[in-house]
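2 protein chains.
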Amino acid sequence: MSNPKVSIYDIAHAGNVSVATVSNVLNGKGRVSPATRERISALAQEMGYIPSLAAKTLGKNQTYTIGIITPDVSNEFFSNIVLEVETQLYEHGYTSYICNTGNDPLRENKYMQDLMQRNVDGLVLAGGTSDLGASSIPSSVPYVAIDRNSSNSSHFKGSCALVGNDVRSMTHDMTCFLAQHGCQRIAFLISSKGWVIAPENNRYGGYLDALNDCGMHLDKNLILWGPHAMSSRTEARRLVADSLSEDIEMDGIVAMGDRVALGAVEELRARDIAIGTDVKIIGMDNSPYARICRPSITTVDRGTKRMANEAVRVLLGLIEKKRISVLNVTVPYRIIERETTMGPIQNLPFNVDR
Amino acid sequence: MSNPKVSIYDIAHAGNVSVATVSNVLNGKGRVSPATRERISALAQEMGYIPSLAAKTLGKNQTYTIGIITPDVSNEFFSNIVLEVETQLYEHGYTSYICNTGNDPLRENKYMQDLMQRNVDGLVLAGGTSDLGASSIPSSVPYVAIDRNSSNSSHFKGSCALVGNDVRSMTHDMTCFLAQHGCQRIAFLISSKGWVIAPENNRYGGYLDALNDCGMHLDKNLILWGPHAMSSRTEARRLVADSLSEDIEMDGIVAMGDRVALGAVEELRARDIAIGTDVKIIGMDNSPYARICRPSITTVDRGTKRMANEAVRVLLGLIEKKRISVLNVTVPYRIIERETTMGPIQNLPFNVDR
DNA sequence: AATTGTAAGCGCTTACAATT
DNA sequence: AATTGTAAGCGCTTACAATT
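From first to last, the protein sequence lines stand for chains A and B.
Counting from 4, one number per residue, gives the positions in the first sequence under our numbering.
Counting from 4, one number per residue, gives the positions in the second sequence under our numbering.
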């Protein structure tokens, strides 16, 4: 229907004006008489004009493109955030590259280079286990990191921001929640992928804090973390299985993620251990799995939508206003109580959702 | 560390050669002496050169960019495909825009325009309920549609391909599967979003075929489809609830998707109806939900990985070889039998995975 | 013949000059 | 003063010419 490729020169020629005028009309800028504006506008439409973003980029050095880097969109927690961020950015005129790194530093690096060549206006880092300080983000491009561990936010160069929960206090609260429900020997269950168990890790640190606050002492046998290389659910199940086979006693499990919690549930279920009574479990992320699973899994709503909102708001601020200060947005969370922490479970398979 | 912006002119100048030579070195093309090649290569590296894809695009009219359009990445079926496609394309040097339309024609259209401005080399359409023939894809850009209904593939202009299951035969087999398991009154349950119940719809058509083959007759009351506007799980649950409230009898449900099946399970469970015995259910997509749910849901593995493979292979073929023929790849599927079609369910909550 | 350089072109933006 | 036009520049590619 339209000629293969019509440029503003073609329009200028057909309309008997200069390219500057065409450009001004098309961008609603400059002083152009209403008549010309109208006429050229219609002409462009009629000629089937499609602007070339590449040329625009070369002219203005803006791409209206954002790179979203995430370890794993197949995880609902991240995919929710990413989807929300993408949608909102789109409404602000930005199109997103969504890059899945699978927590592989090599891929992360390759992607980063690619995005630099593509001249993205900004970056969103959703999750990722490595310390942010270690990342190699060029200081020229503003970015916001969501739910990312970062020990030394003071070192950051460039304009960036952090959005996330207070993870340390969250893990603390999860552990205390189990303690309040009568648990004495609470295990800390985490998928090994990329995480290091050290007090600098806020997740682990929060667990330690809670033990302290609740007058319990650390038993290293209850730290369930190992060098497996499988899905976090399978790995978690294996870790729980190994512990139980070694007769390590536990009456509570703080699981770093609902997939991890699900693995624990599956193993306990297979062993006919009364979940919610003999062993209580709390997961994290409020994924659909936690709701659908029987028994349904007590979990933490981390406010993903809010995170996405804040991330977009802050990023656009950084891009447009070129602020250089370090921002730090903390999003509230809340525990959702379900069957895995509710004592004797009545009438299991057929009861209604909570 | 590197100067804010170094171009091939800077390199040419610093290396005392022409830009053509630099370009040739950087792209491994043309005849350049090994010595120069080596020297300029190192120089570029050292100067921290980052090529500008925008300029490259303008020069060559290739972007190494693919647009992936999908209705809903929050659905595992699509997110699996999209993730796989993206990963594979990336390995072939292409970066992807992932566009979520939510089945909204307006958004789909806006995205399409955006992608055209961005000059994508190709398009992947993963899912989507509207008929492909109706879409407004410029004939200049090659594309492949995955799992998309298309009545008249003969009308296609441009270079394109279809990848998917034989959906009609799949729905047929699902229905027959229930019939073979003794079901007499089999309901067809589908989320209303975007689907029209007409024989042209292969899903519905396959159901009709099966009724015919199995010697049953169509009862319109057993077509569960309605103008709700909620998640497919909730909608399915509501549809089943409504039917049961109207005392419509059914002993089997063919659900178009595992989320839909899950909704049915939830409603039957709430009513203490024996799933697998009194009512058998088969879902579709082999999502994690179907496995995790109790009772676990019989479903269909549609070969998503294979679909992604084929889509990438075919698309790259279209892009590189500029073939104009219409390709049509059919991927095999297989039914996975689980508890919802297995008769009396023993020892439900604690039994092991199948 | 092998290697390297010149210059136009890709499709825009925008400072500034020129016209009305 | 309001409107419009000129021309350079953004960073590449590539046909072709020029040099060794």
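Just so you know, these hints were derived from the structure itself, not from any lab.
Mixed in with the good hints there might be a few duds.
Each computed DSS-like pair below joins lysine-lysine, with the alpha-carbon atoms no more than 25 Å apart [as the list claims (entries may be wrong)]: (1) K8/B <-> K324/A; (2) K113/B <-> K32/B; (3) K8/B <-> K8/A; (4) K308/B <-> K196/A; (5) K308/B <-> K59/B; (6) K63/B <-> K59/A.
Okay, the hints, checked on the actual structure:
1. K8/B <-> K324/A: holds, 21 Å
2. K113/B <-> K32/B: violated, 38 Å
3. K8/B <-> K8/A: Violated: K8/B and K8/A sit about 30 Å apart, past 25 Å.
4. K308/B <-> K196/A: holds, 24 Å
5. K308/B <-> K59/B: violated, 33 Å
6. K63/B <-> K59/A: holds, 16 Å
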